[in-house]
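When you get a sec, could you build the whole thing from the sequences and use the hints?
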Amino acid sequence: MAADQAPRYFGARVARRQDDRLLRGDGRYVADISPAGVLAAKFVRSDEAHAVVAGIDIEAASVAEGVKEVFVGEDFADNEIRCVSSYAGFQESAQPILALDRVRHVGEALAMVVADNEYVAEDAAELVVADLEPLPAAVDIDTALDVGCAPLHPGWRDNAFVRRRATTYGFNEASSSAPHRVSIELHNGRHSGVPIETRACVAEHDPGTGRFRLHTTTQIPHLIRAGLSWALGVPESLIQVIAPDVGGGFGIKAQLYPEEVACCLAARRLSRPVKWVEDRREHFVAAHHSREHRHSVTGYFDDDGTILALEADIAVDMGAYSVFPWTATMDGGMAMGILPGPYRIHEYSVSSTSVCTNKTPYGAYRGVARPAACFSIERLMDQIARHLGVDRVEIRNRNLLADGDYPWRSPSGLIYDSGSLVESLDAVLALGDLEGLLKRQADARTAGRLVGVGLAVFTEQTAHTTQEFKQRGVPIVFGYETAKVRLDASGTAVVSASIHDHGQGLETTLAQVAADRLGLDLEQIRVEYGDTEQVAYGAGTFASRSAVLAGGAVTKAADAVADTLRQVAAHMLEAAPEDMVVETGRVSVAGSPSQFLETTELCRLIYQRPERLPEGVEPHLEASRTYDAHPGTGAYTNAAHLASVEIDPLTGKTRVLSYAVVEDCGPMINPTIVEGQIFGGVAQGVGSALFEEFLYDEAGQPLSTTFADYLVPVMSDIPDFQVAHLQTPSPHTIGGLKGMGEGGAIAPGAVIASAVEDALSHLVGTVTVDRLPLTPERVLGYIDAANGNGTGP
Amino acid sequence: MAELSVSVNGELTAAQVDPRTLLSDYLRDHLGLTGTHVGCEHGYCGACTVLVDGASVRSCLTLAVQADGRSVDTVESLASNGELHPIQQAFKECHGLQCGFCTPGLLMSVLELAATNPGCGRDEIREHLSGNVCRCTGYHHIVDAVEAALNSVREQGDGS
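Protein sequence lines correspond, in order, to chains A and B.
If you use the working numbering, the first sequence closes out at 1684, no skipped numbers anywhere.
If you use the working numbering, the second sequence closes out at 189, no skipped numbers anywhere.
Since the hints were derived computationally from the structure, they do not count as laboratory data.
A hint or two may mislead.
In silico SDA-like links for lysine to any residue, alpha-carbon gap of 20 Å or less [stated by the list, open to error]:
no.	chain 1	residue 1	chain 2	residue 2
1	B	Lys121	A	Pro1562
2	A	Lys1447	A	Val1385
3	B	Lys121	B	Arg183
4	A	Lys1447	A	Glu1465
5	B	Lys121	A	Arg904
6	B	Lys121	A	Arg919
7	A	Lys1544	A	Ala1338
8	B	Lys121	A	Val905
9	A	Lys1447	A	Val1508
10	A	Lys1361	A	Arg1055
11	A	Lys1544	A	Asp1600
12	A	Lys1544	A	Asp1675
13	B	Lys121	A	Asp1611
14	B	Lys121	A	Arg915
15	A	Lys1330	A	Arg1283
16	A	Lys1361	A	Thr1517
17	B	Lys121	A	Leu1413
18	B	Lys121	B	Glu176
19	A	Lys959	A	Arg1160
20	B	Lys121	A	Ala903
21	B	Lys121	A	Glu1414
22	A	Lys959	A	Val929
23	B	Lys121	B	Ser109
24	A	Lys1544	B	Asp152
25	A	Lys1447	A	Lys1544
26	A	Lys1447	A	Leu1413
27	B	Lys121	B	Gln185
28	A	Lys1447	A	Arg1377
29	B	Lys121	A	Asp917
30	A	Lys1544	A	Leu1602
31	B	Lys121	B	Asn110
32	B	Lys121	A	Gly946
33	A	Lys959	A	Val1020
34	B	Lys121	A	Val1020
35	B	Lys121	A	Asp911
36	A	Lys1447	A	Val1472
37	B	Lys121	A	Gly902
38	A	Lys1447	A	Ser1485
Being a predicted model, the structure only gives us computed values, none of them experimental.
Next up, the structure:
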């Protein structure tokens, strides 16, 4: 049954529920948790990218004062992380908990020192001596795929986890008859989310019951429990995973890591709690990397710029191992699917290779492949516009999907449910004042300055569930989320949700949803999450889906509880249940508002006066529901971004002057939180576009292992944002909601590349910006090329 | 071991510590003041910022013994009688935090800013606070919050 009155909280900019404790320093993050008797773990990591492990001398470390135990690979040889895709031809990797005979990337753990405290553990770790015999390292895509490169895993044919290919029926005819074509090869630097809280976990094992408890920095507690169950060979009923406050995730904390398994195993061996807090240098080499795509893209188009066919060859540098629960195929698959983007493209031919290299394994990062896909298709649109001498906005408007196109079946088989692409592009040009930007650009050029304007449009699949994940070949098909709503005798409610809130504000937005459905005040709702013993099974928080799926589950569960309220109130008031309305603080008879029961009174009655309940009504107010946003093909959020930049011609440093976003994620539960997500995503995207990159030398040595080498945007790098919303509801979801957690991070690479290219476009030579991040060195290379000196970056 | 006597949030604490003990570890592990967070241990991210005799320091780069005889303020000192400090209140009202991990260090930097330059505008705020990295917010709402906080501190005359 639907809510009976207009929403009080849905759509309201209410302040967040969790902020008081976080502002007071009362947040409880994993590093803050120290059970009695806890020991500290420190990992000894490989400083070779690829080597035979000839021996590890742990003798001196083992006898050091305060050291409890030093573990090496063979201690945990029965355990491994193996995540197998069902795609044909997928080659499996087994990631050891501690390295066995081989190390495959710098940062791979060789030994684990467990000691009285972190200081002692770090001292002892220095005493461990690993005898590593270096092997040639495959540090880039081409080297790894070269026929002369030995496979990195035993029994493999070559260094591709998987190769995939798809072509539409009419592609060959459309492409061969097209009057024009433009090709471009695009490179995205390797980087990741780099949350300010590093990874950490505290493992406990109770020898009496055999139960494990793991506090860990994760976005996906239940999936971690599933992965641990596989890796430890222990049923899930013996494993409790708790993700308390988590200091940012961005996808990096949505994988099972060997350290989590190692701490569990060590806790069991030692019968003591074992705690590990990653240091920042470890994070740069051992927490999962992301984003390193190379796309070769060709657009085939007619004289007015209408795209007739699209061709793409995608390669992703997945690092050394396939990660749980995503496998090593996720980025390649996602890029194949979404690369045609927001355009009316019918014919498409695409191939994708997920490449195994001697680098840190590759996992999820906000946007998963969509930033690279957006970069490719938007760079291609800019090149087509330039080829034909058509304006960048005009070329997009000629190809963007419009109202009559939905539902749109993309040439990769995605079903776009809805959108407002043309409108969002229009709106962002007004919001960001394109006219004013162009005038200021003209003035700046007159003064000899390099100012450019860039834009991009995208659509993103969000809240996709079973239908999507079953096609991704993942071992666990995660689609739904679960919520339990319980009203207690004092008339307050607890919402237990299978998602996790690590900044997204779900602790607040889910309370907003429940409060409206139950007619309660926000203060009467408590939202809990993160503990597998406390909340029902669900996948967790990733992929722009939690507000939609958990919001839907909360709606369903709260409505079931509200139905019980109606039923009992009807009985007490001698009215029909269908005539009862749930209002703020009470349940009344429709049309006769003086006949009502207060909700608190009803709650007390239901629990404490069961003899007064109608027949068949159980004395509890609790419901658990799952929600999968049927048909599961996704609710499509779209946005348009417009930015201006200025380049310092002497240093090559690019500064973002303005940034405007018009986003359409359907109806918003809390617009302030939506805007915070957009701003945060855009800033991370600016980092992707200008600063962030894990560089390696030819031997596979990482060159970015501190914040002095790996630059993230700081406050003075980021301008004030302009933001506006369109609200096109999804036909598939409860309330028409669409996901939006990742969107901000998708377009900035494309936007800033477009702006940098524009800033250089009046110089003598033509340059094509084809590489991110646009570090000062690279921009100087483009400036030199544009001036006719040198060959570019 | 070294003798240490330091005032933390107005209370005198005394301990015997290994001389290499970091101030951040002293606060978190010895005193249980886990509001101070450690994000990089190389002095870059600013999450561990505390005030020593009123000036911001990276507690991950400061030895506990360097604070001997001095006065340290952490995020736990801000709220009083259960009420959020105006800076905390401004962060709450302006959505100036998401995951909350960088927040305590940022609040302490803002406290210093409120004491030293309460009249500064958005650009100066951005420059002054560029030593506190936030990965969640994109900074816009933080700058809103700091602007509001400085306003309210100025109004209350607490800023000098």
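Checked hints:
no., hint, verdict
1, B/Lys121 / A/Pro1562, "15 Å, holds"
2, A/Lys1447 / A/Val1385, "14 Å, holds"
3, B/Lys121 / B/Arg183, "18 Å, holds"
4, A/Lys1447 / A/Glu1465, "26 Å, violated"
5, B/Lys121 / A/Arg904, "12 Å, holds"
6, B/Lys121 / A/Arg919, "18 Å, holds"
7, A/Lys1544 / A/Ala1338, "18 Å, holds"
8, B/Lys121 / A/Val905, "10 Å, holds"
9, A/Lys1447 / A/Val1508, "19 Å, holds"
10, A/Lys1361 / A/Arg1055, "16 Å, holds"
11, A/Lys1544 / A/Asp1600, "16 Å, holds"
12, A/Lys1544 / A/Asp1675, "14 Å, holds"
13, B/Lys121 / A/Asp1611, "19 Å, holds"
14, B/Lys121 / A/Arg915, "11 Å, holds"
15, A/Lys1330 / A/Arg1283, "17 Å, holds"
16, A/Lys1361 / A/Thr1517, "18 Å, holds"
17, B/Lys121 / A/Leu1413, "16 Å, holds"
18, B/Lys121 / B/Glu176, "13 Å, holds"
19, A/Lys959 / A/Arg1160, "11 Å, holds"
20, B/Lys121 / A/Ala903, "15 Å, holds"
21, B/Lys121 / A/Glu1414, "16 Å, holds"
22, A/Lys959 / A/Val929, "11 Å, holds"
23, B/Lys121 / B/Ser109, "16 Å, holds"
24, A/Lys1544 / B/Asp152, "19 Å, holds"
25, A/Lys1447 / A/Lys1544, "51 Å, violated"
26, A/Lys1447 / A/Leu1413, "18 Å, holds"
27, B/Lys121 / B/Gln185, "18 Å, holds"
28, A/Lys1447 / A/Arg1377, "12 Å, holds"
29, B/Lys121 / A/Asp917, "14 Å, holds"
30, A/Lys1544 / A/Leu1602, "13 Å, holds"
31, B/Lys121 / B/Asn110, "18 Å, holds"
32, B/Lys121 / A/Gly946, "54 Å, violated"
33, A/Lys959 / A/Val1020, "18 Å, holds"
34, B/Lys121 / A/Val1020, "50 Å, violated"
35, B/Lys121 / A/Asp911, "7 Å, holds"
36, A/Lys1447 / A/Val1472, "17 Å, holds"
37, B/Lys121 / A/Gly902, "18 Å, holds"
38, A/Lys1447 / A/Ser1485, "28 Å, violated"
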